[in-house]
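The listed protein sequences correspond, in order, to chains R and Z.
No gaps in the numbering here: position 24 of the first sequence is 130 in our numbering, and each next residue is one more.
No gaps in the numbering here: position 174 of the second sequence is 368 in our numbering, and each next residue is one more.
Derived by calculation from the structure, the hints in this document are not laboratory data.
It cannot be assumed that every hint is accurate.
Taking lysine to any residue and the SDA-like style, the derived pairs with C-alpha atoms no more than 25 Å apart in a straight line are [said to hold, decoys possible]: (1) Z:591 / R:116; (2) Z:591 / R:121; (3) Z:591 / R:140.
If you're wondering where the values come from, they're calculated on a predicted model, not measured in any experiment.
Single-letter residue listing:
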Amino acid sequence: MQLLEHKPVVINVGLEGFADELDSQDVTVVHLDWRPPAGGDAELADLLSRLGS
Amino acid sequence: MNPIDEANHEALQIMLKADPVLIDVVSAEQAIPALREGKKILHAGPPITWKRMCGPMQGAVMGIAVFEGWANDLDDAAQRAANGEYEFHPNHHFDAVGPMTGMTTRSQPLMVVENRTHGNRAFCAINEGLGKVMRFGGNDESVLARLAWLRDVLGPLMGKALRSGDGVALKNLVARGLTMGDEMHQRNVACSGLLLRALSPSLARASTDTAVLADALAFMGGNDQFFLNVAMACGKSMMDPVRNIEHCCVVTAMSRNGTDFGIRVSGTGDQWFTAPVEMPEGLYFPGFSEADANPDMGDSTIVETIGLGGFAMGAAPAVAGFVGAGAASEAALFTRSMREITCGENPEWTIPSMDYTGVPTGIDIRLVVETGLPPTINTGIAHREPGIGQVGAGVVKAPMRCFTDALRAFAQLEGVA
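Isolated chain R, as found in the complex:
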């Protein structure tokens, strides 16, 4: 209910375009520059995990 009664405060993770869109509508937004490990490559992500990264 609070979401409807108050302006949201948003943490955006990943795609910066979402944050830009909210910002343009005067919504308070903090953008976290995040991307999946190894660009989402499952094989490399698995190797990284095994190598303690």
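Here the structure of chain R is known, so what remains is to put chain Z in place on it, guided by the hints.
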């Protein structure tokens, strides 16, 4: 701490404890005895054949072959190169580095940097200055005459001057250069001046001819990039002791030959991981454009390997503009992003405008692959045709494939692939 993190920490400590000192200038065959046998031509980057060399690299080979008396003229040199008369090897295989084309042959004078902590030495030729020079593929009479002057006059004079003292300690000199706006790849104004200041008295004492001395001082003082080659030998001397540490995935060399980009990683020994080299993005001198540019080239990326160059962009806002990397205020962003792919920082090489943050040091291939952030390199841009020279300066990214291939090989060695 897992064995890999422990090994990487050891690598970082070796880098931080290095004590590189410029101690001498000697002929290449004295520095590298293997050059006495056969017609060996050392070049920048990972191994490459004559056929696959880019225009400037072939142009430099032709020029240096004439310089060494191994060919009657440039055409003859090209024919002999194509016939397999010359042996081509990377500088890195002989404790050496060279900027751009990176030609190293037996009679050239090489600066000697000794890492006094570890006792190893590294070598690099003397910087030729800007304009038409062999490192950009220049090979006409003016280029060869300058090389002869370096061999017969400046090299011996610098060697005599350096041997008369205890050498020039480079760690502190680089630290001062960082506080004066150098990043040691595309800006060496401060360090070139500091080196000249350190060497001038002993050069004067070593010289018996004031005209020769004046020429030497004018040459060194008139070349803002004179220190680049010293920084490169410094970097090589710091990184070689990091080679072959078991479980270590720190990058020990990054280098390009104008065709391939190659990296070496401590734990995988002296194996090169290569990928097609990329085109720099940057600014061009008047009259030139991207259509004139040769792909990225040179061993000078050894300075990024030790945390300078693109990694220290925050220290040199002027460079960000010069290489077309954005506003001066954005320079720190490059340094911050490179910190995401390194094991640590160098507390002795700090950047005043970033609250004395140490330069990012020790590239961990795991972090490069995980973040997708390739090392940022500041570089000069050579004309794609031999003999013309530098046409611009820019920023280039190391190809990610070098790092993913290295990661797979490293994982196999670690028994987790």
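Checking each numbered hint in turn, tell me which of them this model violates, lowest number first.
1
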